[in-house]
Amino acid sequence: MLLTTAATQDFVYENDRAENFILDDNLPESASILLEIIDRSPRNSRAFNNLGVIAWKQDNWYDAFGLFKHALELQPDYADAASNLFDLALKTRRIEEVRDLLLQAAALLPSNEELEDIALGLHEEGDNIYFCGRALQQGYYHPDLAEADALVLDGKLVEASALYFKVLDEQGDLAEVYNGLGVINFYEKRYSDAFALFTEALKRNPCNKDMFMNLFDAAHETDQVKHAVDIYYTCRKEYPQLVEMEDLVPKYSLL
0 MLLTTAATQD
10 FVYENDRAEN
20 FILDDNLPES
30 ASILLEIIDR
40 SPRNSRAFNN
50 LGVIAWKQDN
60 WYDAFGLFKH
70 ALELQPDYAD
80 AASNLFDLAL
90 KTRRIEEVRD
100 LLLQAAALLP
110 SNEELEDIAL
120 GLHEEGDNIY
130 FCGRALQQGY
140 YHPDLAEADA
150 LVLDGKLVEA
160 SALYFKVLDE
170 QGDLAEVYNG
180 LGVINFYEKR
190 YSDAFALFTE
200 ALKRNPCNKD
210 MFMNLFDAAH
220 ETDQVKHAVD
230 IYYTCRKEYP
240 QLVEMEDLVP
250 KYSLL
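End of the sequence shown = 254 in numbering that gives the first Met the number 0, gap-free, step of one.
A hint or two may mislead.
Straight-line alpha carbon distances no greater than 25 Å define the calculated DSS-like cross-link-like pairs of lysine-lysine that follow [what the hints assert, rightly or not]:
1) LYS165 - LYS202
2) LYS225 - LYS188
3) LYS208 - LYS188
4) LYS188 - LYS202
5) LYS90 - LYS202
Pair ranges (Cβ atoms, derived) [unchecked claim]:
6) GLU158 - LEU119: 17 to 23 Å
7) TYR129 - PRO239: 30 to 36 Å
8) GLU245 - ALA145: 25 to 31 Å
9) TYR129 - ASN59: 19 to 25 Å
10) ARG93 - SER31: 26 to 32 Å
11) ASP168 - GLU112: 37 to 43 Å
I should point out that these hints are in silico values taken from the structure, not numbers from a laboratory.
Since this is a predicted model, take the numbers as computed values, not measurements.
We put the CB at the ideal spot given by N, CA and C, even for glycine.
Go ahead and model the full structure; you've got the sequences and the hints to work with.
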C-alpha cells in the first residue's frame with residue numbers, strides 16, 4: 000500500500016496533512032480533509048488515492064479498489080495509484096477490469112521498473128498472475144469469506160463451516176477456506192485435523208504469515224513443531240520474503 004509522492008499540484012499542503020494523519024492512524028481527521036479537497040477539486044487524483052489508502056487500512060477492499068481505479072482514471076500516469084490498484088485487483092481477482100488502465104500507466108511511465116514488471120506479468124501470466132508471490136502476499140478477499148470469518152469470531156462455528164464449504168464448492172480450493180476450517184477445528188480441539196488443514200492452506204498460499212502462525216499453534220498441540228518448522232524453511236527457499244517472520248518461528252531444538 001502506497002501513499003503518494005507527487006500526484007497533482009493542487010492542494011499539496013492539504014494532501015500532505017491528510018497523509019500525515021493516515022500515518023498517525025487518525026483516519027477520521029484525514030478523511031475529513033480529503034473530502035473537503037474533493038469538494039473543492041473533484042478531479043484531485045491524489046485525494047482519491049489517499050481515500051483509497053484509508054479504505055485499505057479499514058479492510059474495505061472493494062471501496063479501496065474503486066477509489067484507486069478512479070484516481071488512475073483521473074491521472075493515467077499516476078504510478079502510486081496504479082501500484083495500489085494492481086494490489087487490490089490481485090486481492091479481489093478483478094485484474095480484467097483494470098488491465099488496460101494498468102498497461103496504459105506502464106506505457107506512460109516507461110522508466111518505472113515496478114510498472115514495467117506489472118505490465119510484463121499482465122502480458123505473460125494470464126490467470127496465473129493470481130498465484131504470483133505478490134498476489135499470495137495480498138491474499139484473497141471475497142464477501143462470503145469475510146462473512147465466514149466473522150461467524151468464527153462470533154463463535155458460530157457450524158454456520159461458518161457451512162459457508163466455507165459453500166465457497167469451496169463455488170470457487171475451488173482456496174487457502175483461506177482451508178485456513179478458516181483449520182481455525183474451527185482448532186477451536187473445537189481437533190488439533191491434528193487443524194494441523195492438516197493449515198498445511199493444506201499453506202500449500203496454496205506459502206506466503207501467508209497468519210497461516211504459518213496458525214500452523215505453529217496447532218503444531219504445539221500435536222507435537223509436530225519440527226514438522227511445522229521444516230515446512231516453513233522449505234517455503235522460505237522459494238519465497239525469501241518469509242525471512243521477515245523468522246523471529247516468530249518456534250525453535251524446536253529448545254523445546
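Results of checking the hints against the structure:
no. : hint                        : result
1   : LYS165 - LYS202             : holds (21 Å)
2   : LYS225 - LYS188             : holds (20 Å)
3   : LYS208 - LYS188             : holds (22 Å)
4   : LYS188 - LYS202             : holds (23 Å)
5   : LYS90 - LYS202              : holds (18 Å)
6   : GLU158 - LEU119: 17 to 23 Å : violated (43 Å)
7   : TYR129 - PRO239: 30 to 36 Å : violated (21 Å)
8   : GLU245 - ALA145: 25 to 31 Å : holds (30 Å)
9   : TYR129 - ASN59: 19 to 25 Å  : holds (21 Å)
10  : ARG93 - SER31: 26 to 32 Å   : holds (29 Å)
11  : ASP168 - GLU112: 37 to 43 Å : holds (41 Å)
Of the numbered hints stated above, those contradicted by the structure are hints 6, 7, listed in ascending order.
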